[in-house]
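Visitor: These protein sequences, in sequence, are chains A and B.
By the count of this note's numbering, the first sequence reaches residue 405 at its end, each step adding exactly one.
By the count of this note's numbering, the second sequence reaches residue 164 at its end, each step adding exactly one.
If you're looking for bench data, these hints aren't it; they were derived computationally from the structure.
Predicted model, so just to flag it, every value in this text is computed and none were measured.
Keep in mind that the hints are not guaranteed to be accurate.
[As the list claims (entries may be wrong)] Distance condition first, Cα-Cα at most 30 Å in a straight line; then the derived DSSO-like pairs of lysine-lysine:
{"#": "1", "chain 1": "B", "residue 1": "K24", "chain 2": "A", "residue 2": "K327"}
{"#": "2", "chain 1": "B", "residue 1": "K111", "chain 2": "B", "residue 2": "K126"}
{"#": "3", "chain 1": "B", "residue 1": "K141", "chain 2": "A", "residue 2": "K87"}
{"#": "4", "chain 1": "B", "residue 1": "K125", "chain 2": "A", "residue 2": "K397"}
{"#": "5", "chain 1": "A", "residue 1": "K382", "chain 2": "B", "residue 2": "K122"}
{"#": "6", "chain 1": "A", "residue 1": "K138", "chain 2": "B", "residue 2": "K126"}
{"#": "7", "chain 1": "B", "residue 1": "K24", "chain 2": "A", "residue 2": "K84"}
{"#": "8", "chain 1": "A", "residue 1": "K24", "chain 2": "A", "residue 2": "K138"}
{"#": "9", "chain 1": "A", "residue 1": "K379", "chain 2": "A", "residue 2": "K393"}
{"#": "10", "chain 1": "B", "residue 1": "K125", "chain 2": "B", "residue 2": "K111"}
{"#": "11", "chain 1": "B", "residue 1": "K24", "chain 2": "A", "residue 2": "K321"}
{"#": "12", "chain 1": "B", "residue 1": "K24", "chain 2": "A", "residue 2": "K379"}
{"#": "13", "chain 1": "A", "residue 1": "K393", "chain 2": "B", "residue 2": "K24"}
{"#": "14", "chain 1": "A", "residue 1": "K87", "chain 2": "A", "residue 2": "K138"}
{"#": "15", "chain 1": "A", "residue 1": "K24", "chain 2": "A", "residue 2": "K397"}
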Amino acid sequence: MDHLIFEVGTALVLVSIAAILAGKFKFSIIPFLIVLGMIVGPHAPQIGIIDLRFIQSEDIISFLGRIGVLFLLFYLGLEFSIKKLIKSGRNIVVGGTIYILINFGLGLIYGFSMGYPLLEVLIMAGVISFSSSAIVAKVIVDLRRTGNTETELILGIIMFEDIFLAVYLSVVSGLILGDNTSVWGMLASSGIALGYMLLFFVIARKATPLLNKLLNISSDEIFIIVVFSALFFVSGFSETIHVAEAIGALLLGLVFSETEHSDRIEHLVVPFRDFFGALFFFSFGLSIDPFTLGGAVWLTLGAVLITILGNFIAGMIAGLKAGLSYKASTNIGLTIVSRGEFSIIMANLGIAGGLMPMLKPFSALYVLILAILGPIMTKESKTIYLWLDKIFKWSNKNQNQKSGM
Amino acid sequence: MNIRESELPGIGCKFELITRNNEKLVIVIHDDGRRELYHFDSENEESISSISFNDSEARKIAAIIGGMVYKPQALEKIEMAFEGLVIEWFKVEAGSAAINNTIVDLEIRNKYNVTVIAILKKNMKKFFNPGPDTIIEAGDKLVLSGERHELSQLIKSVLSYGGD
Chain A
1 MDHLIFEVGT ALVLVSIAAI LAGKFKFSII PFLIVLGMIV GPHAPQIGII DLRFIQSEDI
61 ISFLGRIGVL FLLFYLGLEF SIKKLIKSGR NIVVGGTIYI LINFGLGLIY GFSMGYPLLE
121 VLIMAGVISF SSSAIVAKVI VDLRRTGNTE TELILGIIMF EDIFLAVYLS VVSGLILGDN
181 TSVWGMLASS GIALGYMLLF FVIARKATPL LNKLLNISSD EIFIIVVFSA LFFVSGFSET
241 IHVAEAIGAL LLGLVFSETE HSDRIEHLVV PFRDFFGALF FFSFGLSIDP FTLGGAVWLT
301 LGAVLITILG NFIAGMIAGL KAGLSYKAST NIGLTIVSRG EFSIIMANLG IAGGLMPMLK
361 PFSALYVLIL AILGPIMTKE SKTIYLWLDK IFKWSNKNQN QKSGM
Chain B
1 MNIRESELPG IGCKFELITR NNEKLVIVIH DDGRRELYHF DSENEESISS ISFNDSEARK
61 IAAIIGGMVY KPQALEKIEM AFEGLVIEWF KVEAGSAAIN NTIVDLEIRN KYNVTVIAIL
121 KKNMKKFFNP GPDTIIEAGD KLVLSGERHE LSQLIKSVLS YGGD
């Protein structure tokens with residue numbers, strides 16, 4: 001007999017228990033779902049009629065997770081706005097650039113110095129570079145720091161990262177999924193990906209009036225069908241020309257973000273993103289054999305260390321350049337250090353492209369550590385500041401600055 | 001008073017203002033409708049107190065701070081003097097000149113220097129900040145603000161029965 005629905009139902013019950021637990025401890029659900037996924041799986045026991053091995057349903061769960069990626073990136077595209085970035089001002093552009101240069105650079109250096117080949121290094125650098133927008137926003141709200149002066153800069157840097165992420169994902173997906181056997185092949189593949197992206201930018205600019213008209217559908221029922229069909233069709237089509245389906249979703253989101261219906265689509269997508277996104281994190285955990293984690297421990301700890309260092313330094317420079325105090329600047333680095341959805345999406349892209357399987361335990365362990373440690377460091381930023389202040393004597397400098405002015 | 005508005009991507013909108021007494025207030029409007037208020041003193045970088053409201057609480061408090069009394073539907077006419085500025089409620093009379101005309105046609109702002117803050121339709125539907133093309137119907141309750149004499153001028157000639 002076919003117990004497919006029951007198996008998926010069991011998985012969802014476990015996912016919701018993990019989500020409730022995460023809520024109780026005021027943590028992001030991402031690490032909880034990954035751990036849950038790792039605990040169950042082929043090595044887990046079968047208790048009576050409840051089968052925790054998820055053998056029959058693994059395909060369907062990973063398919064639902066794939067849909068989760070589409071929604072996560074579609075939403076990212078909808079939020080994406082060059083106009084906002086231009087409006088945001090110099091501090092954010094400077095801060096974001098500093099952040100990307102330092103952290104992406106450190107990621108590249110780290111990957112190469114560990115002796116990995118180019119494509120693996122590109123994925124690793126991506127995993128290391130991108131903060132989790134979801135966790136950062138949640139932590140700031142939970143800790144009631146929305147009103148702080150540095151919050152603007154933090155969220156601005158995150159926005160800047162997201163834009164870099166969009167471009168980077170497109171190029172890397174072209175490299176990995178396309179022809180990467182020769183230099184010319186690689187150039188051509190990334191060229192196609194960039195060209196594809198430019199095409200969407202042009203559509204976003206030129207076809208907005210047409211799309212406004214086409215999407216002017218009053219019935220919610222028809223509206224959702226039209227939007228989702230576009231999402232799946234465009235994402236699937238992208239795959240056929242070696243651009244990751246997730247990038248297709250992202251680019252379509254970007255086109256829709258220019259229309260006057262973007263708010264409506266956003267509202268519509270959020271519940272789907274949350275639900276399928278949760279399944280994505282779960283299925284990612286499910287695909288990891290916890291016994292492989294041991295092999296990635298040292299590699300991961302090294303990456304965690306350079307992430308904390310790189311984020312802290314970048315936050316410090318960005319904050320001081322924007323005229324913030326040492327204390328506020330400390331907060332920046334300690335807040336943007338959280339990692340989550342984008343690191344996993346990045347690693348997933350590498351796996352889909354058949355790169356080294358080591359990327360999986362590495363990224364899982366990396367995200368687990370920084371999704372939990374990140375918010376803790378954010379919360380304890382004051383203690384960390386006071387502790388660092390004893391070493392670097394920042395408060396004296398602040399005093400001098402003030403009296404000097 | 002200087003008000004600085006800035007966006008918090010993914011969260012909402014932030015307004016930062018410094019009062020004459022050099023106290024800083026930060027108001028954050030979340031995209032989900034929540035409002036947060038943070039109070040900073042001139043020295044401190046961290047807020048010394050904060051409070052959060054849901055959407056309807058925020059509106060009530062805004063009305064109290066703005067000098068309007070909350071739930072004035074029960075009353076036909078409330079006036080509040082505010083250094084010459086008056087906020088008044090008036091029910092448009094049947095047969096008045098205003099009926100079935102738009103706010104811009106009636107030149108409420110141009111001719112009388114009066115602003116329509118809100119309209120409460122007969123079916124209790126509320127329109128805050130109605131646009132210039134909003135049509136006024138008999139029985140609408142208008143919330144108006146302006147100078148006292150200009151308000152009474154407007155009410156007499158446009159909103160009452162038998163005006164010109």
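Visitor: Decide, hint by hint, whether the structure agrees.
Guide: Checked hints:
no., hint, in the structure
1, B:K24 with A:K327, "18 Å, holds"
2, B:K111 with B:K126, "25 Å, holds"
3, B:K141 with A:K87, "40 Å, violated"
4, B:K125 with A:K397, "59 Å, violated"
5, A:K382 with B:K122, "55 Å, violated"
6, A:K138 with B:K126, "34 Å, violated"
7, B:K24 with A:K84, "26 Å, holds"
8, A:K24 with A:K138, "14 Å, holds"
9, A:K379 with A:K393, "22 Å, holds"
10, B:K125 with B:K111, "27 Å, holds"
11, B:K24 with A:K321, "23 Å, holds"
12, B:K24 with A:K379, "23 Å, holds"
13, A:K393 with B:K24, "27 Å, holds"
14, A:K87 with A:K138, "24 Å, holds"
15, A:K24 with A:K397, "41 Å, violated"
The structure does not agree with the numbered hints 3, 4, 5, 6, 15 stated previously, though it agrees with the rest.
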